[in-house]
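Student: In case you want the letters, here they are:
Number of protein chains: 4
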Amino acid sequence: MDYQLLLEDIVDTLRPELGKAGQVASYIPALARVPAAQFGIALRTCDGQEAHAGDSTTPFSIQSISKLFALTLGMQAMGEKLWERIGREPSGNPFNSLVQLESEQGIPRNPFINAGAIAVTDRLVSLFDAKAHMLGLLTSLCGEPIAFDDEVAASEAATGFRNIALANFMKSFGRIDNDVGPVLDAYFHHCSIRMSCLQLARAAGYLCRDGQHPYSGEQVLTEKQARRVNALMLTCGTYDAAGEFAFRIGLPCKSGVGGGIVAVVPDKLTLCVWSPALEHSGNSLLGMKALEMFAGRTGVSVF
Amino acid sequence: MDYQLLLEDIVDTLRPELGKAGQVASYIPALARVPAAQFGIALRTCDGQEAHAGDSTTPFSIQSISKLFALTLGMQAMGEKLWERIGREPSGNPFNSLVQLESEQGIPRNPFINAGAIAVTDRLVSLFDAKAHMLGLLTSLCGEPIAFDDEVAASEAATGFRNIALANFMKSFGRIDNDVGPVLDAYFHHCSIRMSCLQLARAAGYLCRDGQHPYSGEQVLTEKQARRVNALMLTCGTYDAAGEFAFRIGLPCKSGVGGGIVAVVPDKLTLCVWSPALEHSGNSLLGMKALEMFAGRTGVSVF
Amino acid sequence: MDYQLLLEDIVDTLRPELGKAGQVASYIPALARVPAAQFGIALRTCDGQEAHAGDSTTPFSIQSISKLFALTLGMQAMGEKLWERIGREPSGNPFNSLVQLESEQGIPRNPFINAGAIAVTDRLVSLFDAKAHMLGLLTSLCGEPIAFDDEVAASEAATGFRNIALANFMKSFGRIDNDVGPVLDAYFHHCSIRMSCLQLARAAGYLCRDGQHPYSGEQVLTEKQARRVNALMLTCGTYDAAGEFAFRIGLPCKSGVGGGIVAVVPDKLTLCVWSPALEHSGNSLLGMKALEMFAGRTGVSVF
Amino acid sequence: MDYQLLLEDIVDTLRPELGKAGQVASYIPALARVPAAQFGIALRTCDGQEAHAGDSTTPFSIQSISKLFALTLGMQAMGEKLWERIGREPSGNPFNSLVQLESEQGIPRNPFINAGAIAVTDRLVSLFDAKAHMLGLLTSLCGEPIAFDDEVAASEAATGFRNIALANFMKSFGRIDNDVGPVLDAYFHHCSIRMSCLQLARAAGYLCRDGQHPYSGEQVLTEKQARRVNALMLTCGTYDAAGEFAFRIGLPCKSGVGGGIVAVVPDKLTLCVWSPALEHSGNSLLGMKALEMFAGRTGVSVF
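Residue numbers (our numbering), protein chains in the order written: chain F, 25 to 327; chain D, 25 to 327; chain C, 25 to 327; chain L, 25 to 327.
Hint data in this document are derived by calculation from the structure and do not stem from the laboratory.
The beta carbon of each residue, even a glycine, is placed where N, CA and C say it ideally should be.
A couple of the hints might just be wrong.
One side only, chain C facing chain L, incomplete, derived with CB under 10 Å [said to hold, decoys possible]:
id, residue
1, Gly111
2, Gly116
3, Arg251
4, Met257
5, Asp264
6, Ala265
7, Glu268
8, Arg272
9, Met317
Pairs of lysine to any residue residues, derived as SDA-like cross-links and limited to a Cα-Cα distance of at most 20 Å, are as follows [stated by the list, open to error]:
id, chain 1, residue 1, chain 2, residue 2
10, C, Lys292, L, Thr322
11, F, Lys292, D, Val324
12, C, Lys292, L, Val324
13, D, Lys292, F, Asp291
14, L, Lys292, L, Ser240
15, L, Lys248, C, Arg321
16, D, Lys292, D, Ser240
17, C, Lys248, L, Arg321
18, L, Lys248, C, Gln47
19, F, Lys313, D, Glu113
20, C, Lys248, L, Glu316
21, F, Lys248, D, Glu268
22, C, Lys248, L, Val324
23, D, Lys248, D, Gly111
24, F, Lys248, D, Gly111
25, F, Lys292, D, Lys292
26, F, Lys105, D, Glu268
27, F, Lys44, F, Pro59
28, L, Lys313, L, Ala61
29, D, Lys292, D, Glu242
30, C, Lys292, C, Thr246
31, F, Lys313, D, Lys248
32, L, Lys248, C, Glu268
33, L, Lys292, C, Thr322
34, D, Lys248, F, Met317
35, C, Lys313, L, Lys248
36, F, Lys248, D, Glu303
37, C, Lys248, L, Lys313
38, F, Lys248, D, Gly323
39, D, Lys105, D, Lys248
40, C, Lys44, C, Lys313
Take the sequences, apply the hints, and build the full model.
Tutor: Following this line, the structure appears as structure tokens:
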């Protein structure tokens, strides 16, 4: 299949819809001012072919897509012990809900809701410099330097009362070991990372390669771990719309409110789409359409 | 791969654990008296090969596995309109919970929790004789007569206060069109159906064949519909353990409290395991182990 | 104090507002067709003085005010044992909510929410003919025959899906001993009773007389029990507005969606107001205003 | 009535139970090391008579009893506007629950749960030095200097993750105007105040005197406001046991986890009991017994 042609065709098909519907995330200025009318798409196959089209090299705020890499760092460092404080089930509640934490004694449902990613970050902070390790992992996976957006991190920290509440709530149940401050500092910095579609398609490459680094071939995760991350992405990776993604797209995905979505076609390729305008579930509106088109044209649904 | 040898090996490996752990469902006498120390496994490939081992031809109460076939009948009859009253997202709550229904105005989260299956059954009851159509579908799919267990259906009706509450609660929101009585009568009869592992592996065959009937080749569902059923099974098919199934097994599954689990390997085969003793989530304890072994040995995880 | 003059003045003051705001309960035809522009008020002092004004002798559907008398029958018959299956705390949720029942294993918060009154009625049905005993109690307390409104009872039964759900849900937790049918039949009949303000002011008389029957002087309840019923009325008697009633009126009250409200001034008098149009909490809009005026003019707040 | 004799008799009656049951609050060291076997009781009548017995002059941590005085400061300063961000209904949930806040957009149910008192404190912090004003009010009401316990305040701040979560959660809904830090600093200091039974019986005196200062006679609150505070105490003042207090004691009460309970007999007297061991609801075990004995012997229930 000529992926380059396909991606260009998707870009052409969606161009008339650019900026027409959906809402750019507006809770911090740095996100609110991103022009809505942008769309990029990029993929990298298991064996290293790449294709990309549209605004595929424009960096954007990866936001919750960072949860994928925080989880990867946690699984690398702790293996099965990571799961002692974090569940693996869909939550059925909004990504920033506190309700379930109260009835479940501060144990978050999965690592892809905010509470879960904060709990993962707490474990990382216990082990090493979580901010440096995150940049190190991504820089290695992309083959080029990746950096935080300090303005975004500062804005998240200044307005992130819900996340501060989540962290303190878990700490009140004894589920956070470190001071809340450094944990949230790392968490907010992870969310602020800027990457392009092409960089993310490369960085996620180990997830379609049985855990192997896209360039060096070393094991980023074991095969089993890589498949498990894919399973978590499919069941929990796209906020309240995981069922809808599985139903319509049928691929493991992880989205962020910056408008990016990373998708994995196991044993074949990784894919990243980006368009800043979100639909009501917090996922990129055109990103979802593009993934549905891609899955429909290629027949790559895991189902 | 020699599936017959593999299934026999799984049976041999699990035999020492038979009846050692887990609890047989005990809420009605007909289920409570099923001997725990039974285990069966059967599969049928896309192209019609079959393999089975253990108690693979012993009929058991399919219980919630019937929700898979009720959904199939609903999708056949109503297409997209079915989704006007039923969601497609994981619920994050127990299968028989009423809590979410209250905050979501009587619309069940998905067709595999009790409320969702009752809502599907209501739609069927509006269209035709839901009991007869269910037996008709299963008899056609298996190539041999399938029947209700009237004792089980009567016991479910006599003790099913939670389900009666669910149906009336949805009706109080205007989400059930028919009288609650006939809807629950059909629902309880569907749950009471007795089938063996081999029969279920055959009956589910259309789910690995792009919707094609396992014998006649006619479309039971469209290809897209069949893939969507698989997606729903993976995200919502195993009560509160959907994340755990995806994580450990990586296949679309639908379980029942009778101890059966149907699994789909898309484009390859359908599989059914059965062992009556359940773990805390209501899924068959040895069934889950068997599926994990099968997925591990064959590498068929969708991830 | 000249109560007759006061009540007439309240009627005159509120007359311009009759039928101007609020909504008559519309969930069954027999309630929906009650003309909104009616208002009655009546009181009876401990020592037998009576005063009444406006539509004070017009019978109306007492609805949830019957919960007061069902509780009285239960306390008479069972004493402290009644509280084994029913709590005494405010619920913080709507009167017909199922949510709290799920987390509290089918034990209703108090006898004045629907679930609690159904649970009380179940205990009555175990002991005697609950319908006949209710009419017997009210006929004795009023000194004249009191009857059910069969049309209302039938309508409640035909449309009471939420109450049927509540009863079955409690039964699923083993909290209802009898078949749900007869329990709800009694409950719906109790709600259908028709009485006037004057009759209710008389019937509730024992609550301001240390439990003594308003005419015969025999103990309907013990002094302690009567004071406890008053306490329950104040904390739980007016749906979600118990705090608002305590804050603005300061008297134990029990309201019904027929627009009636019974209030107790301990050791002084009982009072009943009625006006069919309800505010958002389900309490009579003008009834609340009248009670606030009465409490303001007489200084009878218990606080 | 000879109150001195009565209080001494209550002390004698309860002495054998001292330290036998209940648990001293243990979440911070300064509370955990308070000896359980202490009991004090004190009252002051409208006209200035005082009686006290047992450990009635031993200072203890007033904890949530401070919410009564914070509310008083708020009503003094803001009148009806105070209620724009705080409800007046019982919550039906634990005092430190976050669940209801989520579904009710950050507006706490009433000023006596933690979230409500934090919201009141935020309003105070906007207006003046909330710590100084609190000490000023109490010093004036008692006629002698009242002070914070800095060790307790520091411990509360160091371990109060749940309260930090509550404050940030409300701020995420835009319901807290000030920085969370100073608001919680004031809140934790208010909770840390040390007073004796006798001091609290005096300080609460305005609540039984139509709002008049116990010594100076000036209006601390208007008559209406004072009665409304009493109403709130009765419906919401004792955590999850408001119904139980109303049922068994029948007086407006406000309790704290330090083991103190302030009670009001409107138009007659104010009363304070203290014993550190708590029952499961967080209220003083012997304090509740003492209040029940007092109400039984004197017949002062408002019902």
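Student: Does the structure keep Lys292(C) and Thr246(C) at a Cα separation of 20 Å or less?
Tutor: Answer holds: Lys292(C) to Thr246(C) is near 17 Å, not above 20 Å.
Student: Checking one constraint from the list: CA of Lys44(F) to CA of Pro59(F), max 20 Å. Satisfied?
Tutor: This hinted pair holds, its Cα atoms lying about 12 Å apart.
Student: Given the proposed pairing of Lys248(C) with Glu316(L), does the C-alpha separation stay at or below 20 Å?
Tutor: 12 Å, holds
Student: Lys248(L) and Glu268(C) were given as a pair; does the straight-line alpha-carbon distance stay at or below 20 Å?
Tutor: Given pair Lys248(L), Glu268(C) holds - Cα atoms ~14 Å apart, limit 20 Å.
Student: Does Ala265(C) hold up as a contact with chain L if the rule is Cβ-Cβ below 10 Å?
Tutor: 7 Å, holds
Student: Are Lys248(F) and Glu303(D) close enough, with their CA atoms no more than 20 Å apart?
Tutor: Answer violated: Lys248(F) to Glu303(D) is near 24 Å, above 20 Å.
Student: Assess, step by step, whether the Cα of Lys292(D) is no farther than 20 Å from the Cα of Glu242(D), and give holds or violated.
Tutor: With a Cα-Cα distance of about 18 Å, the restraint between Lys292(D) and Glu242(D) holds, given a limit of 20 Å.
Student: Taking 20 Å as the top limit, are the C-alpha atoms of Lys292(F) and Val324(D) close enough?
Tutor: Holds: Lys292(F) and Val324(D) sit about 15 Å apart, inside 20 Å.
Student: Do the alpha carbons of Lys248(D) and Gly111(D) lie within 20 Å of each other, as the hint requires?
Tutor: OK: Lys248(D) and Gly111(D) at ~18 Å, within 20 Å.
Student: Is the straight-line distance between the alpha-carbon of Lys248(C) and that of Arg321(L) 20 Å or less?
Tutor: Judged against 20 Å, a Cα distance of about 13 Å means the pair holds.
Student: Given the hint that Lys292(F) pairs with Lys292(D), does the C-alpha gap stay at or below 20 Å?
Tutor: 18 Å, holds
Student: So if I understand the rule, the pair passes when the alpha-carbon distance is 20 Å or less; does Lys313(F) with Glu113(D) pass?
Tutor: Satisfied, since the Cα-Cα distance of roughly 19 Å is no more than 20 Å.
The structure does not agree with the numbered hints 9, 18, 24 and 36 stated previously, though it agrees with the rest.
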